[in-house]
Amino acid sequence: MSQSPLHQQTLSQLASGLHKKSFSSVELTSHFLDRIKQYDNQLNSYITVCDKTALAQAKAADERLAQGNAGPLTGIPIGQKDIFCTQGIKTSCGSKMLDNFIAPYSATLIEKCDTAGMVMLGKLNMDEFAMGSSTENSFYGPSKNPWDENTVPGGSSGGSAAAVAGGLCPIATGTDTGGSIRQPASFCGITGLKPTYGRISRYGMIAFASSFDQAGPMTRTAEDAALFLNAVAGFDPKDSTSCEEPVPDYTQTLNDSIEGLTLGLPKEYFTDDLDSSIATTLNDAIEALKKLGAKVKEVSLPHTDYAVPTYYILALAECSSNLSRYDGVRFGYRCENPKNLTDLYERSRGEGFADEVKRRIMLGTYTLSAGYYDAYYLKAQKVRRLIAQDFHKAFADVDMLVCPTSPTTAFGLGEKTSDPISMYLSDIYTIAVNLAGLPGMSIPAGFVNEKPIGLQLIGQHFQESKLLNVGHQFQTVTDWHSNMPANYR
Amino acid sequence: MSIKLEDVVKIAHLARLSLPESTLEQYAGQLSNILAMVEKVNELDTEQVEPLANPLDNIQRLRKDEVTETDQHNAFMQNAPASEAGVFLVPKVIETIE
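Quick mapping for you: the protein sequence lines, in order, are chains A and B. Using numbering that gives the first Met the number 0, the first residue of the first sequence is number 0, and each one after it goes up by one. Using numbering that gives the first Met the number 0, the first residue of the second sequence is number 0, and each one after it goes up by one.
No wet-lab data here; the hints were simulated from the structure.
Distance condition first, Cα-Cα at most 27 Å in a straight line; then the derived DSS-like pairs of lysine-lysine:
1) A/338 / B/9
2) B/91 / A/95
3) B/39 / A/266
4) B/39 / B/3
5) A/266 / A/392
Owing to the predicted nature of the structure, the values given are computational and were not obtained by experimental measurement.
Let's have the full structure, built from the sequences with the hints guiding it.
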């Protein structure tokens with residue numbers, strides 16, 4: 000049997016090749032660096048390519064492999080979303096504000112990847128400060144969707160999704176505050192897992208909305224996501240919101256039977272808002288899960304319509320507070336010739352941030368300002384509890400929820416940029432999961448008009464292994480996840 | 000809740016953001032639309048509901064007050080837009096009285 004090209008292989012296939020010495024990590028890394036050179040002028044998925052450090056890391060990985068002290072991810076290349084601080088390497092967060100920022104330390108997630116012996120190919124494009132659903136808000140220009148370069152890859156982790164889908168890295172990281180891993184995974188036909196809030200350390204991950212932000216893997220398969228989660232999940236004393244819950248071996252339960260598992264279909268997620276051809280495709284995917292022995296039951300999440308408003312009050316308030324640190328004094332962009340300190344603050348921030356970030360900071364500033372706090376922020380925190388309770392009630396009857404990831408397939412570049420609210424609504428099916436801090440995963444479920452569409456699985460707190468199990472079982476009986484866009488095979 | 004031009008100016012100053020005059024109108028419209036969208040939360044009676052600050056209802060963990068970091072002063076100064084003798088430079092804050 001002939002081996003498929005390296006960029007079409009899963010992490011476990013690549014790891015097996017590395018351990019059998021079929022190829023070296025230097026060869027594997029060079030393969031991806033060559034592909035980045037060849038294809039990334041079309042996709043614009045990388046902000047920074049780290050050729051030199053990557054080859055040095057690959058060489059070190061090859062030594063570990065030769066000495067026999069390599070782990071399952073040693074020598075595997077990875078693309079990191081440019082939101083994770085990487086010591087000595089530019090960490091821009093997609094913003095002019097941090098275009099000149101060389102991180103003085105590495106995020107815990109980056110350190111864990113280094114310890115595992117992974118090879119960082121570069122830093123991936125994203126919406127500025129992770130605020131957006133299309134990657135069009137990047138200071139470095141939009142990334143393109145490899146399935147159709149006239150469409151967006153989704154966002155905010157759009158560079159990550161485009162790079163994995165286009166075979167410019169075998170795995171990437173993303174972060175998800177309101178859908179920023181799952182929605183681009185759906186648009187680009189890959190697997191994206193947002194773990195439970197607090198499962199992966201946020202230390203060194205540039206903050207947008209601290210009670211929502213969570214990092215996770217963007218991969219071809221659920222099995223790949225499980226391998227990666229094994230390496231990066233767990234308690235971190237440097238992140239005061241990280242969880243002490245023990246970390247299971249996520250690969251051990253991938254092959255469990257899903258016979259008898261009860262899947263809940265939230266009726267509020269299958270309304271007329273959902274494109275009918277997407278509904279048909281997702282129904283076929285649900286049928287495939289039924290054939291594997293899962294049972295299906297309708298459930299209700301009555302406060303669904305309040306999720307987007309609640310999220311935009313809370314996340315924007317947290318954003319305005321988090322982004323107050325960019326003051327033009329200690330790091331980041333500073334305006335030319337400030338007249339006085341106020342002018343320095345106002346122009347550095349006014350010139351360093353682009354429109355969407357400014358809009359969000361202003362709205363958050365407004366809702367937190369004197370006299371409005373109770374009416375907006377406190378009210379929204381109460382509604383947040385009602386939304387979380389909807390999920391907990393549903394989980395009394397079912398093991399997991401199954402629903403669309405996104406109401407549409409990838410939309411056109413420029414299609415939603417002039418209307419912020421229509422952009423916000425592209426996250427209607429993902430946002431409630433972040434309000435409740437639940438794990439959610441998007442898996443490729445088919446194509447509508449030759450564009451990929453994802454199925455979203457939502458689990459109870461810390462039940463990532465169940466999501467990965469169902470995702471993996473689905474991927475043993477379907478092959479949507481192994482499709483690659485024609486121009487990038 | 001409709002946001003007027005003068006509100007935008009006030010909010011922008013609170014947020015320390017300089018905005019070109021020509022963009023104020025657009026921001027006023029967009030911020031008003033977003034506020035109208037989020038007003039929906041007021042439809043719900045939340046009298047008996049406790050606010051949820053952490054999605055896992057966890058309490059903020061505090062660490063022991065111990066020194067854990069080594070001195071990285073020089074490393075952190077590398078990103079400073081303007082510095083001298085190990086301190087950050089900013090425009091003069093104390094005006095001289097003439």
